[in-house]
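Chemist: So you can see what is in the structure, the chains are spelled out below.
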Amino acid sequence: MSDNEFNYDVYDDKKNDSFTISANIIIKLIIGIVFIAIIWVAISGYNKLVSYDEAVDEAYAQIQSNIQRKADLLPNLVKVINSYTKHESQLLENITKIRAQNNQESKNIHKLLQLNKTLKLTTLKLFAVAENYPNLKSSQQYQQLLSQIEGADNRINITRMQYNTAVKNFNALTKVFPTNLIASFAGLTKRKYFQADSDTNKLLQLNL
Amino acid sequence: MKKDSLLYTLIVLLLLLGGCSEQKREQTRVVDSANIIQNSETEAKAYKAFNDALLKDFDIDFRVITYKDYEDINLFANKEFHKIETQSKSGKTILLVINPEQDKVRLEISMALEPIYTDAFVSYIENKGMLPYFRDNKIADGIYMMSELIRDKATETKANNAFMPSMQNKSIGAGAKTDAKLGQKDENAKSGSEILSSVEDTPRDILEKYFQSLRVHNKNPNLDIFTKDTQKFFQTWTVTDINQNNELRFASHCQNPKYYIENNYAVLLYPIKPRTCSPYLFKKENGAWRLDIYTMSKTIRFNKEMMWHFDMEKKAQYLSPYEFAFSGLNYDTNGFPFYKKEKEKKLRWGFTCRGWYIPGEKEKIRCWISWLDKNGRARNDLGLREYDRVMAVGYAEKRIDNPSLDDMMQYMKETPAGERVVVEVIRDQQLKRLNAIAK
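Line order of the protein sequences matches chains G and X.
Just so we're aligned, residue 1 is where the first sequence starts under the numbering used here, counting upward by one.
Just so we're aligned, residue 209 is where the second sequence starts under the numbering used here, counting upward by one.
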C-alpha cells in the first residue's frame, strides 16, 4: 500500500483556529465591558445617591440655622416690648427652650416641625402684645426687629422649600432603576418631607 | 482672497455676536412686565451706565422685575432670582421685584451679599430711600435711588475690605419686602415747621439754618430760607430722609469754605478737592439772603463717586449771575473744575486717552487720543492728533508693543525730563512714529 492509499484530508486548521481565537477575545471583551459598565453604574449611582443625600442634610441644616436665627431675635423683641410694658417672663422661658432644643444634633424633621410651630406661636404672642402699644410699634428698634423677624420667616420658608426639593430629588433616585438597588444595598432610604402644619391655617389661641 | 473674506466674515460675526449678547444683557436687566417704569431713552441709558459701573466696580449685578399676577412676592422673587444668568463672577446679585397689583416691593439678596445688605438695612433703604419716590409715582427715580444706595453701601464695604469671598449665586430668602404704596401720596411728605430768614442773616447763617432743617428731616418746600424758584422746585421734587442724611454727611467733611458776595448774589465755595463738596448759591430776595437750590439743581451734577461738576450747557444758561465766584476756575470737557494755575501745572503733555479694544480682547483697553490741549506739548512737540490710535510706546529695550491705556499713561507720566519719548500711532491707516524730548 502506498502512501497514496492513506489519503486523508489535510485540514487547514489555521483558519479555524484564528476564528475561534477572535470569537473568544470578543466574548471576553464584551463580558469585560459589561462588567466594567455595571461597576461604573454602581459607583456613579452610589456617588449620586450620596451627594443627593448630602444635599438633603445641607438643606436641613439651613432650616435649622434659620429657626435658630429667628429664635435668637426673639429675646431682643422681648426686651424691647418689656421696655414699654412689664410682661410675663413665660414667653422668654419658651424662647430659651426652643433655642436649646434646636441646638441638638439629631436630624429629626418632626421635631424641627414642632419647634417651628412653637416658634411661630411665640412670635404671634409677642406681636399681639405689641399691638396694644402704638409707640412701641412705631419705634425704630421694633421696626428693625420686625424686618429681621420677617426676614427669618422668609428664610425658613424658602429653605423649607429647598429642603423639600432636595428630598424629592433624593427620593426619586431611591425609586428609579438601577439606583433603587444601590440604595437598598447601601441602606439609603427615603427621607421625609417638611410638611406645612395643617394647624397653621387655624386661628391660634393666644394665652396672654 | 478667500482667506481674507473668511477672516472678514468672522470678524463681522464676532462683532455682531458681541453686540447681540450685549443687547440681550440690556434687555434682561430690567424686565418691566407690569409696564410701570416708563423710562425715557436718556434715563434708560443713564440707568444702564450706572448699573454697568456697579458690575464693573463691585461685581454686583442688580436686576429689576415688575409683574402683575398674585403669586406671593417672596416666593416669586426667590424663584426668579434662581433663573437669572448673573453676570457677577462672585455670586453678588440683587433682584428688585415690584408688583403694582399687590402693591408690594421686595429686594432679594444673594448669599454672598447677605452680611452687607442685612434685612434691616434693606428694609430701611426701601422705606426711607425708595418708597417716597414710589408714592410720588416716580418709579424709575425710585429704582435709580435704590441703585445709588446699593452703590453707597458697596463703596463703604469695599473700603473696609468686607466683601465675602466668591460663592455660588444663590438666595435663601434674604432681603426684605414692604408695601410699595405706588401713587399713594404721603400727607407728611412735605411737612415741617417754618424756618424764617431775617435781613440780618448772612449766607453762612442761612446755610446753617438749612443744615438744621436737614437734621430734623424738615421737608417743608416753602421755607423762608429758600428763593421763590427753590420753593416752586421743592413742591414737586421728592425729598427723602436718606437724601437729607447724605447731604449732611457729605457737608460734614467739607472744610475751609469761602464766601463770595457781589450785589444780590453770593456763593459758598469749598476748596476744589475733595470734589464731593459742591458749592452753595444764595440770592437776596426782599432784602434777605435765601438759598438758591433751584439754580444748583439746574447746573450742578454728580458722578458715581459723588464728585460734583457743572453741566456746561446749563451753566451757561443759568449760572451767569454767580460767575464772579468761579472766575478763578477752568473746566475740563465734562465740567469738572480746576484752578487755572493747577490745570496748567498738571498738564505735562496736554492730552486725554479714551479706551478702545480689539473684538475678542475686551480685557485689554488701548488708548486713542480724544483730546489735545491746543497749546500742549503732546500736540505741538510730539505731534499727536485727535483720533490717533497708540500702537507702541518707547524704544529699544523699553519698547512696549500694543500698550494698554494704562501703559501709555504711565509711560508718558514717568519718562523723566530730558529723555526721548517715542510713540507710534495709526493715523489715517498709516503707522507714524512720533518723538519728543520730555520736559
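Treat the hints with care, since some could be wrong.
Mimicking DSS-like on lysine-lysine, the simulated pairs with C-alpha atoms at most 27 Å apart in a straight line are [to be verified]: (1) G:Lys137 - X:Lys548; (2) G:Lys125 - X:Lys312; (3) X:Lys523 - G:Lys192; (4) G:Lys175 - G:Lys190; (5) X:Lys548 - X:Lys572; (6) X:Lys287 - G:Lys137; (7) X:Lys378 - G:Lys48.
Facing chain G, from chain X, some residues (calculated, C-beta under 8 Å) [said to hold, decoys possible]: (8) Ala254; (9) Pro323; (10) Asp327; (11) Met372; (12) Ser374; (13) Gln376; (14) Ala382; (15) Gly495; (16) Ser528.
By construction, these hints were calculated from the structure, which means they are not laboratory data.
Note that beta-carbon positions come from the ideal geometry of N, C-alpha and C, so glycine has one too.
Chemist: Are the hints correct? Go through all of them and say.
Modeler: Now the hints, each set against the structure:
Between lysine 137 of chain G and lysine 548 of chain X the alpha-carbon distance is near 57 Å, which puts this suggested pair outside the 27 Å criterion. The straight-line distance between the Cα atoms of lysine 125 of chain G and lysine 312 of chain X is roughly 26 Å, inside the 27 Å bound, and the hint therefore holds. At roughly 69 Å between alpha-carbon atoms, lysine 523 of chain X and lysine 192 of chain G are farther apart than 27 Å, so this suggested pair is violated. Between the alpha carbons of lysine 175 of chain G and lysine 190 of chain G the distance comes to roughly 9 Å, so the proposed pair stays at or under 27 Å and holds.
Under the criterion of a C-alpha separation no larger than 27 Å, the hint pairing lysine 548 of chain X with lysine 572 of chain X is inconsistent with the structure, at around 34 Å. Annotation: proposed proximity of lysine 287 of chain X to lysine 137 of chain G is violated, straight-line Cα distance about 32 Å (limit 27 Å). Annotation: proposed proximity of lysine 378 of chain X to lysine 48 of chain G holds, straight-line Cα distance about 21 Å (limit 27 Å). Taken as an interface hint, alanine 254 of chain X does not check out: its beta carbon lies about 30 Å from the nearest beta carbon of chain G, beyond 8 Å.
A hinted interface residue such as proline 323 of chain X counts as satisfied when its beta carbon comes closer than 8 Å to some beta carbon of chain G; here the least separation is about 13 Å, so the hint is violated. The closest approach between the C-beta of aspartate 327 of chain X and any C-beta of chain G is roughly 3 Å, which is under the 8 Å cut-off, so the hint is satisfied. With a cut of 8 Å, the hint placing methionine 372 of chain X at the interface with chain G is violated, because the nearest CB-to-CB distance is about 16 Å. Violation of the interface hint for serine 374 of chain X is found here, the shortest Cβ-Cβ separation to chain G being roughly 19 Å, above the 8 Å cut-off.
Checking glutamine 376 of chain X against chain G by beta carbon gives a least distance of about 12 Å; that is not within 8 Å, so the hint is violated. Proximity of alanine 382 of chain X to chain G holds as hinted, the smallest CB-CB distance being about 7 Å (cut-off 8 Å). For glycine 495 of chain X, the shortest C-beta to C-beta distance to chain G is roughly 42 Å, which exceeds 8 Å, and the interface hint is violated. Because the beta carbon of serine 528 of chain X sits about 46 Å from the nearest beta carbon in chain G, more than 8 Å, this interface hint is broken.
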